[in-house]
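Position 2 of the sequence shown, counted from 1, bears residue number 16 in the numbering used here, the numbering being contiguous throughout.
Simulated from the structure, these hints should not be mistaken for lab results. Remember, predicted model here, so these are calculated numbers, not experimental data. There's no promise every hint is true.
[Stated by the list, open to error] Pairwise CB distance ranges, derived in the manner of DEER restraints:
| # | residue 1 | residue 2 | range |
| --- | --- | --- | --- |
| 1 | P134 | P91 | 34 to 40 Å |
| 2 | V42 | R154 | 55 to 61 Å |
| 3 | V35 | A94 | 38 to 44 Å |
| 4 | A140 | G79 | 30 to 36 Å |
For glycine and all other residues, C-beta sits at the position ideal for the given N, C-alpha and C.
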Amino acid sequence: MRSDRTSSSHGQRGSLTVELVVLTPVIVLFVLLALGFGRFELAREQVVAAARAAAEAASVVPSAGDAQSAALTAATPIVANQAHSCTQLNVSAETGDFVPGGSVRVIVSCQIEFADLLIPGMPGHAEVQAAVSAPIDPFRSVQ
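Use the sequences and the hints to build the structure in full.
As structure tokens, this is what we get:
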């Protein structure tokens, strides 16, 4: 009787080893996917915040010609503080309606890199984009 218990106990240890070998890659993949999606969401939040700041900055400058540089100046520090979020920042200010009572629209996009995570099936990079419009004060003079 005693030998049955010993062999049964040994079989359970072997089963645990097989389960560990099978589940370890699944757990590692899950952690890497969580890191990848977290990186994407962090970059998305930063791009939306940068687009808001850029639109507000572009809407208060005196001329349409200054709107692009004001938008870029306002957006850059917001996305530049994170190590892995945005690698290629693009800021575009649309000033076709840059008149008192009009609006300025700013589009901010950036590229996120996933290549360092080595996740099978995930692309090496993705692009995040946000567009925000800001009104121009109807009672101010525009040059």
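Going down the list of hints, with the structure as the test:
One distance hint, 34 to 40 Å for the beta-carbon pair P134 and P91, holds here, with the actual separation near 35 Å. Hint check: V42 to R154, Cβ distance near 57 Å, so the stated range 55 to 61 Å holds. Judged by the Cβ atoms, the range 38 to 44 Å given for V35 and A94 holds: they are separated by roughly 43 Å. For A140 paired with G79, a C-beta distance near 33 Å keeps the hint of 30 to 36 Å intact.
Consistency note: the structure conflicts with none of the earlier hints.
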